[in-house]
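*Asks:* Sequence:
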Amino acid sequence: MQHERRAYKSIVLFGIVSLLADVTYESARSIIGPYLAVLGASAVAISVVSGAGELVGYGLRIASGRLADRTQRYWLLVWIGYAVNLLAVPLLALVGRWEVAAVLVIAERLGKAIRAPARDALLAQATQHIGHGKGFGIHEALDQIGAVSGPLLVAAAMAVGLGYRGALGLLAIPALAALGALRLIERTLPPPEHTSVHSSESNAAPAALPPMFYRFLIAACFAAAGMVDFPLLAYHAHAAGFSQTLVPLLYALAMAVDALAALVLGRLFDRLGLRTLAAASVVSSIAAVLVIASGSPGAGIISPVALAIGIAAWGIGMGAHESILRASVALIVPAQLRGSAFGALSAWYGGAWFVGSSLLGVLYRWHPMAMALAVAVLQGVAAAMWFASARTHTN
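Counting in the numbering used here, the sequence shown runs from 15 upward without gaps.
Honestly, the hints are just simulated from the structure, not real lab data. Glycine included, every Cβ here is placed at the ideal spot set by N, Cα and C. A couple of the hints might just be wrong.
[As the list claims (entries may be wrong)] So the derived label-pair ranges between C-beta atoms look like this:
#1 G175 x A320: 39 to 47 Å
#2 A270 x S317: 18 to 26 Å
#3 E18 x S317: 42 to 50 Å
#4 G255 x R20: 49 to 57 Å
#5 A266 x T406: 35 to 43 Å
#6 E18 x L166: 16 to 24 Å
#7 G255 x G175: 31 to 39 Å
All chains should be modelled from the sequences, with the hints used to inform the complete structure.
*Replies:* As structure tokens, this is what we get:
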């Protein structure tokens, strides 16, 4: 019982850190394009900086995950990563040249790359006492609150006349609060050397990730490639004749469903394992079909209900990817290799998402329903692979 209470406290605190961190950097990301332009950056420069940030943010996670496992200095990497990730944001308010701001934008993504695999390994350590699915679900639900409220905070700051610099400077408050909450977790969560990361289990630790992880990773890449970007869904809704004011409401609906789905799917995952991921992929395959079927540029609005259900289905898919996808790593990978596994998952997932987004965009231009069909195929392959892996893991 004491272990469970400590686990819940650590998980909730991790969630609060993520909430405050999302308020910090998601707020900044919502205005960084216009801010760079004000500082003198061209459209090409803004695009290159954004792309470089994402490349660093995902590509370096393989290296940082391996470093975490080899050194076992999980907390050190978490602290370095969060410090760089969070403090780079309010520092943007002090710069006078777009080139310096670009360095800080990339540094913010670098910090996330450094801390994400180690953070997830520590979170997996805490969730083992209450169920990996439930724990990661709670974390994702809290994370989503920050992702939604952050841009609203910046919008309010801009509305009262603080301007870009004032809004960015204001983000020092949630950044410092996140670091304070991180210190509380470090005091609550037992050090890794006292837990499964350095348990007797690790004496016979495998030198490489298990084969099942690679099968899981391939399925995750198919699922990532088949997750159509929300901006493309929103573009289709607007082109079909839906009101512009409806788009932010649709995004809010998707994020609310995302948070709720993370909690529900997390509990189901602890009972059904990878079958839950397979079911979530099936639901995701329906999302694009329903959104496309809700209307078209030629035919106009056909069914607002289909649009709402499709967006909700997309939110369920995102909730699964942000919670039980990570919980799966904790389930199938030994504790002493989880940093490497989380790093590999993030990097390959991000790459597959980029490739898939590009492909789906091309298919949409050819014919919207062709894109929807591709989504169904990609998600179907992922679902089949996860279901097969679930049977193997159970047996």
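*Asks:* Given a hinted range of 35 to 43 Å, is it respected by the beta-carbon distance of A266 and T406?
*Replies:* holds (39 Å)
*Asks:* Note whether the CB distance of A270 and S317 lies within 18 to 26 Å or breaks it.
*Replies:* holds (21 Å)
*Asks:* With respect to the beta-carbon atoms only, verify the hint that G255 and R20 lie 49 to 57 Å apart.
*Replies:* holds (53 Å)
*Asks:* Kindly confirm whether 31 to 39 Å is satisfied by the beta carbon distance between G255 and G175.
*Replies:* Between G255 and G175, where Cβ atoms are some 36 Å apart, the hint holds.
*Asks:* Go ahead and decide if the range 16 to 24 Å is satisfied by the Cβ distance of E18 to L166.
*Replies:* Violated: the Cβ-Cβ distance is about 34 Å, outside 16 to 24 Å.
*Asks:* Does the Cβ pair E18, S317 satisfy 42 to 50 Å?
*Replies:* Since the Cβ atoms of E18 and S317 sit about 46 Å apart, the hinted range of 42 to 50 Å holds.
*Asks:* How does the Cβ-Cβ distance of G175 and A320 compare with 39 to 47 Å: does it lie in that range?
*Replies:* Taking Cβ atoms as reference, G175 and A320 lie about 42 Å apart, which means the hint holds.
The structure fails to meet hint 6 from the earlier list, while all remaining hints are met.
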